[in-house]
Amino acid sequence: MNIVVLMKQVPDTWSERTLRAADNTLDRDAADAVMNELDEYAIEEGLRLTEAHGGEVTIVSMGPEKATESIRKALSMGADKAVHVSDEALHGSDALVTSAVLAKVLERAGFDLVILGSESTDARTGVLAAMLAERLGVPQLTFASKVDIDGSAIAIHRLADYGYDTVEGTLPAVVSVVEKINEPRYPSFKGIMAAKKKPVETLTVADLGIDPAQVGLAASATEVVEWAKRPPRAAGVVVTDDGDGGTKAAEFLASRKFI
Amino acid sequence: MDFTETDEQRALRAAVAGLARKYGYAYYTAKTRDGERQTELWQEAGKLGFIGVNLPEQYGGGGAGMYELAIVLEELAAAGCGLLMLVVSPAICGTIIARFGTAAQQQDWLPRLASGSAIMAFGITEPDAGSNSHKLTTVAERDGDTWVLSGRKIYISGVDEADAVLIVGRTTDARTGKLRPALFAVPTDAAGFSYRPLDMDVAMPEKQFLLFLDQVRLPAGALIGEQDAALMQLFAGLNPERIMAAASAVGTARFALDRAVSYARERTVWSTPIGAHQGLAHPLAQVKIELELARLMMQKAATLYDGGDDLAAGEAANMAKYAAAEAAVRAVDQAMQTLGGSGVTAEYGLAGLLANVRVTRVAPVSREMILNYVAQHSLGLPRSY
Ligand SMILES: Cc1cc2nc3c(=O)[nH]c(=O)nc-3n(C[C@H](O)[C@H](O)[C@H](O)COP(=O)(O)OP(=O)(O)OC[C@H]3O[C@@H](n4cnc5c(N)ncnc54)[C@H](O)[C@@H]3O)c2cc1C
Chain A
3 MNIVVLMKQV PDTWSERTLR AADNTLDRDA ADAVMNELDE YAIEEGLRLT
53 EAHGGEVTIV SMGPEKATES IRKALSMGAD KAVHVSDEAL HGSDALVTSA
103 VLAKVLERAG FDLVILGSES TDARTGVLAA MLAERLGVPQ LTFASKVDID
153 GSAIAIHRLA DYGYDTVEGT LPAVVSVVEK INEPRYPSFK GIMAAKKKPV
203 ETLTVADLGI DPAQVGLAAS ATEVVEWAKR PPRAAGVVVT DDGDGGTKAA
253 EFLASRKFI
Chain B
1194 MDFTETDEQR ALRAAVAGLA RKYGYAYYTA KTRDGERQTE LWQEAGKLGF
1244 IGVNLPEQYG GGGAGMYELA IVLEELAAAG CGLLMLVVSP AICGTIIARF
1294 GTAAQQQDWL PRLASGSAIM AFGITEPDAG SNSHKLTTVA ERDGDTWVLS
1344 GRKIYISGVD EADAVLIVGR TTDARTGKLR PALFAVPTDA AGFSYRPLDM
1394 DVAMPEKQFL LFLDQVRLPA GALIGEQDAA LMQLFAGLNP ERIMAAASAV
1444 GTARFALDRA VSYARERTVW STPIGAHQGL AHPLAQVKIE LELARLMMQK
1494 AATLYDGGDD LAAGEAANMA KYAAAEAAVR AVDQAMQTLG GSGVTAEYGL
1544 AGLLANVRVT RVAPVSREMI LNYVAQHSLG LPRSY
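Keeping their order, the protein sequence lines are chains A and B.
Residue 183 in the working numbering sits at position 181 of the first sequence, and the numbers go up by one each step.
Residue 1553 in the working numbering sits at position 360 of the second sequence, and the numbers go up by one each step.
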């Protein structure tokens, strides 16, 4: 089985993140770059599926040169090879443009299954799986907390507030995964050493037969017009206990949908 | 000279740090409190190939060096869950067997030490021979095809988790009649071998033991390497020991400094975070400088050692061990000061670390013995003892 896992390098969620004043795009220098956390789960699922059914895991990543670090990590976890789409022209591409570029890569590489995290921690649009499935003309099975493959049949548990739905489809397909699906492995030392020798193909937009004018900030359909820093944490709510403290606390929790 | 770690070294650092985050100091203290060992962490680290990174690939190791093994211990300690037996099992014992063991000994021990499925403790210290290892009284007599070992050892770490202890004893030189050191792998279940835990006043999961060797009979193959070259073999194992002791101390210093810095950023007593006061900021900056200097010397020692220069590595390893212990003691002390009352609570766990880091000034080699070494070997001064 030929599995492609999409992987994005993002600014570390734990560090202070910001946008660039000049063009309202992500300031990639402001924070440490790490692999998008959900993508680790996507890679793990790809590895488990090939361990069970045979085949290869190819990592596809679109991002600046620095993304090679995260690609290396994916390879050290056990992926077989990688395709890195890296081009200055891509700077500022929105989800629509990104999905167009990735669809081209996927058509070129060929696939039985595309796995991706259900969202990235930086943009958090969560629309890529749907866009890709549409562009590729294959079924989308999203928010998977479990994936089963039997021949060309695929079934997932789709995470829902009330538990899960079972969604079925046929390969080739696009699957997006949630955190619940597995526990990603740590790269082993052997994996780290082996990653060094695994092939990474670097492609420009032109290599994919895409006109550079069709990608990037200017070609994007959406635009960040304005943004503001997260407001400082507001003071908490003080509940005076006049004998009904328990009810008030419960009401507060209910208003925040905790209970 | 290159101060940039390779991609693989950085990836190893990140991978170990990831694993260590899953366990952390809470795990370490819980295990200590319950009188248990960090077995899950040890096993997972073994499975990922972190324990045997320095051991030869042909025996299941990672084929890398002490630099990489030091990365493993530093990152674990920096997350608050250092594994003391890394200093002993792969670093001292693994190194000695890989460099000097017979093919049979290598085949027997290295795959198990590399995977972590077996642990070898190391016993040199005796009640009357700590700093002065010339006074070792554990003696091995040759009896036909076997060796018979008798003696006592003290403060030996991790014997309860070990499959064997690499015992430093002495044999009688056939020609001169003088006693010379010799190394024996003594299985912990050998007849005549017994041990009991010492009541130590430090908070670490690894325990220390008093060992009794009462006419322990061992096959000829228990003598590690050459009888005549034992001293050289011993020294080959002690450099890794010092590099690893430094790695552990550097990691612990990072751990304490991290806690202090994040606390100093948040905690506001008057109108500014306490980290803005130079009275707290400068000592933390000094700790940072001292720990980076110690780390640099540790990395120099590891690089020299991996490059095959035992002699130059010896001086650097001693200096690194000294500097790292000083940095760690200071880091924990200053972190406690920074946290005020919180520094004494179990939640922050700094007070408990104080005794642990204080040990690094004494073991595996004391600060004074390192100063003696530098005074005599680096400065050429006469000795008092
Ligand atoms: C937690 C812990 C774990 C340990 N684990 C192990 C282990 O796994 N295996 C093992 O073999 N050992 C182990 N040890 C023992 C450790 O290596 C010794 O404690 C250490 O070498 C010091 O020896 P000593 O305790 O006999 O002190 P002593 O040799 O009695 O020294 C006492 C003091 O006198 C000073 N001193 C002695 N001679 C001189 C001199 N000539 N000049 C100046 N000062 C001097 C020393 O520096 C020290 O401060 C461990 C110890 C501890 C505390």
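Just so you know, the hints here were simulated from the structure itself, not pulled from any lab data.
As the structure is a computational prediction, the values presented were derived from the model and not from experiment.
Don't take each hint at face value.
Keeping only pairs whose Cα atoms sit at most 25 Å apart, straight-line, the calculated DSS-like set for lysine-lysine is [as the list claims (entries may be wrong)]:
1) B:Lys1224 - B:Lys1240
2) B:Lys1328 - A:Lys200
3) B:Lys1215 - B:Lys1240
4) B:Lys1371 - A:Lys148
5) A:Lys200 - A:Lys68
6) B:Lys1400 - A:Lys192
7) A:Lys192 - B:Lys1371
8) B:Lys1371 - A:Lys199
9) A:Lys83 - A:Lys231
10) B:Lys1371 - B:Lys1215
11) A:Lys83 - A:Lys68
12) B:Lys1224 - A:Lys198
13) A:Lys148 - A:Lys198
14) A:Lys182 - B:Lys1371
15) B:Lys1224 - B:Lys1400
16) A:Lys182 - B:Lys1328
17) A:Lys250 - A:Lys83
18) A:Lys200 - A:Lys106
19) A:Lys192 - A:Lys68
20) A:Lys83 - B:Lys1371
21) B:Lys1371 - B:Lys1400
Of the hints stated earlier, which fail here? 2, 4, 6, 7, 8, 9, 10, 12, 13, 14, 16, 17, 20, 21
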